[in-house]
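Residue numbers (my numbering), protein chains in the order written: chain B, 208 to 498; chain E, 208 to 498.
No wet-lab data here; the hints were simulated from the structure. Be aware that a few hints might be false.
Repeated chains share a single entry, so a pair holds when one copy, or any two copies, can fit it.
Here are the simulated lysine-lysine pairs, DSS-like style, with alpha carbons at most 25 Å apart [to be verified]: (1) K459 with K371; (2) K398 with K257; (3) K368 with K459; (4) K398 with K368; (5) K420 with K371; (6) K325 with K348; (7) K420 with K387; (8) K210 with K474; (9) K387 with K368; (10) K479 with K257; (11) K479 with K220; (12) K390 with K368; (13) K368 with K420; (14) K298 with K257; (15) K348 with K479; (16) K238 with K325; (17) K303 with K390; (18) K477 with K412; (19) K398 with K294.
Since this is a predicted model, take the numbers as computed values, not measurements.
2 protein chains.
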Amino acid sequence: MKKALAIDVGGTKIYSAVINENGEIVSEIEKNPTPETFEEIKSLFELIIKKHEREIDVVAFSTCGAVNNQNDGILGSTGNIAKDYPKMPFKSLSSKPVFVENDANCAAWAEHIIGASKGCANSVMLTLGTGVGGGIIVNNKLLKGKNGAAGEMHFKMYCDKRRKCTCGAWDCFEIYASGKGLKITAEEISKNPNVTTYDVIEGVKSNDELMIKIFNRWQDDITAGIVGLANIFDPDCFVLSGSMAAFVDANKIEQNVNNQIVTTPTKVFKAKAGNYSGMIGAALLALQLGD
Amino acid sequence: MKKALAIDVGGTKIYSAVINENGEIVSEIEKNPTPETFEEIKSLFELIIKKHEREIDVVAFSTCGAVNNQNDGILGSTGNIAKDYPKMPFKSLSSKPVFVENDANCAAWAEHIIGASKGCANSVMLTLGTGVGGGIIVNNKLLKGKNGAAGEMHFKMYCDKRRKCTCGAWDCFEIYASGKGLKITAEEISKNPNVTTYDVIEGVKSNDELMIKIFNRWQDDITAGIVGLANIFDPDCFVLSGSMAAFVDANKIEQNVNNQIVTTPTKVFKAKAGNYSGMIGAALLALQLGD
Chain B
208 MKKALAIDVG GTKIYSAVIN ENGEIVSEIE KNPTPETFEE IKSLFELIIK KHEREIDVVA
268 FSTCGAVNNQ NDGILGSTGN IAKDYPKMPF KSLSSKPVFV ENDANCAAWA EHIIGASKGC
328 ANSVMLTLGT GVGGGIIVNN KLLKGKNGAA GEMHFKMYCD KRRKCTCGAW DCFEIYASGK
388 GLKITAEEIS KNPNVTTYDV IEGVKSNDEL MIKIFNRWQD DITAGIVGLA NIFDPDCFVL
448 SGSMAAFVDA NKIEQNVNNQ IVTTPTKVFK AKAGNYSGMI GAALLALQLG D
Chain E
208 MKKALAIDVG GTKIYSAVIN ENGEIVSEIE KNPTPETFEE IKSLFELIIK KHEREIDVVA
268 FSTCGAVNNQ NDGILGSTGN IAKDYPKMPF KSLSSKPVFV ENDANCAAWA EHIIGASKGC
328 ANSVMLTLGT GVGGGIIVNN KLLKGKNGAA GEMHFKMYCD KRRKCTCGAW DCFEIYASGK
388 GLKITAEEIS KNPNVTTYDV IEGVKSNDEL MIKIFNRWQD DITAGIVGLA NIFDPDCFVL
448 SGSMAAFVDA NKIEQNVNNQ IVTTPTKVFK AKAGNYSGMI GAALLALQLG D
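Chain B on its own, in the form it takes in the complex (with noise of 0.2 Å):
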């Protein structure tokens, strides 16, 4: 059976793994923290790659961060990493196949695959973290648009400039249905800003009127863009996904997206593929292409 070394690179961590065909990982997990400068991630890359090499088929990774349609490169900047990270030459890294899609879109090829979504020809998923990604699967393809970028969730949730989005435009999806948005949420109806979505998450737990409040306020947004979503894709299912996703109550999610929408009723599912879904998806993806 193939195997892929799968990377997966965020702002904080790379965890590193080697996953064969079927999806499973067969290898220790690695986890580095990302170094500072793009000069470390590469020579971090190079050793990873280094150990692995001879024992597998292609190198996988799944990456903060757009990237290209001929899955060899990153557009644009990337936030939370070292600057001139996009300039990153995968394919030289290696004398395997080197493999190279977003994180978001990894993951929700994860979920196509083997998790949530499987058997789904279309589906929209829902990162839902400390900002929000996105992985939109049509007719069993991943959505990529002309140059790579597509499945960016900042649609406007309102028209009137309340809240800036990470993005740097206003009243993005990212900034009500992540996990900052739920404490901008939280900040504006409690009025104290010192309140964190912990509170949040365990004042619902202990029943606290003000924290369902807030919690239900959070809840309905990412219901709101939801309903949108099905609108234009008349998807079979949702999957949510990230650290955020644990806590919302998905099936009153689909119940409120089914009495508003005018295409036809879809499904809102949490996420199955786990905590390495990234790995996973690159590792899947990048198996197929090799076929």
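Starting from the known structure of chain B, fit chain E onto it as the hints suggest.
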């Protein structure tokens, strides 16, 4: 050269014409008011088809309402036409093959093959009329979704219940970016319940400050919606069609969109395939499938 009998079915008018594989109209264009009842509509279809059946290879319907992925029937209700119209047995209307597609999808396809988005693998068409229609092309194919209902432009512009949309939900793009949306914006800003879209358009021409303010607000709402769609699809271009598209400044919208998106720069064009793009797109789709 193969030919299709194209029939465009709207809430007020039914157009028909014979169209060849190049998208050229090769007969008189017939225009009938849309009859009120299911039986009358069916009889009119039969009459039109009987007249042309011997000279054509396929019957191609461009219709209001979402059309299924088998391209032979309508999903759910359609608004301004006989309530049981969705039950129309299209396939049985002719001894020739019958093909059915949503009118906005047909118009988007005409633009894709012979119009403004020709050569673009990924595009989004917005039909700005009384309402807003949408037709999305991903990798040279119409985006249909699981049941064929995709491309509905009902995503939220606000999440605090300001305007009820024709679809029953609150604050959809349609109720801001349509002609109806412009009228509501004009009423809100001018505090005059009798102001019309005509007043706004004429006021802009004569440099009326208030009307310019109203028009710009409307155009900014269109821009806001396009920003979200550009981030979701990373398309080569947007195409603006429909009666209200004549008035917008596509270059200004393009510039403002590209200043706000996180994906890669896109284009905003006005439609080029003309008033009969629905019929032309239906014919081109039907003749292509007949190959």
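Structure-based check of each hint:
no.: 1; hint: K459 with K371; in the structure: between (28 Å within a copy, 23 Å between copies)
no.: 2; hint: K398 with K257; in the structure: neither (53 Å within a copy, 71 Å between copies)
no.: 3; hint: K368 with K459; in the structure: between (29 Å within a copy, 20 Å between copies)
no.: 4; hint: K398 with K368; in the structure: both (19 Å within a copy, 23 Å between copies)
no.: 5; hint: K420 with K371; in the structure: both (23 Å within a copy, 24 Å between copies)
no.: 6; hint: K325 with K348; in the structure: both (13 Å within a copy, 23 Å between copies)
no.: 7; hint: K420 with K387; in the structure: within (17 Å within a copy, 34 Å between copies)
no.: 8; hint: K210 with K474; in the structure: neither (33 Å within a copy, 41 Å between copies)
no.: 9; hint: K387 with K368; in the structure: both (17 Å within a copy, 24 Å between copies)
no.: 10; hint: K479 with K257; in the structure: neither (31 Å within a copy, 55 Å between copies)
no.: 11; hint: K479 with K220; in the structure: within (22 Å within a copy, 50 Å between copies)
no.: 12; hint: K390 with K368; in the structure: both (18 Å within a copy, 23 Å between copies)
no.: 13; hint: K368 with K420; in the structure: both (23 Å within a copy, 18 Å between copies)
no.: 14; hint: K298 with K257; in the structure: within (14 Å within a copy, 62 Å between copies)
no.: 15; hint: K348 with K479; in the structure: within (19 Å within a copy, 30 Å between copies)
no.: 16; hint: K238 with K325; in the structure: neither (28 Å within a copy, 48 Å between copies)
no.: 17; hint: K303 with K390; in the structure: neither (44 Å within a copy, 61 Å between copies)
no.: 18; hint: K477 with K412; in the structure: within (20 Å within a copy, 53 Å between copies)
no.: 19; hint: K398 with K294; in the structure: neither (43 Å within a copy, 54 Å between copies)
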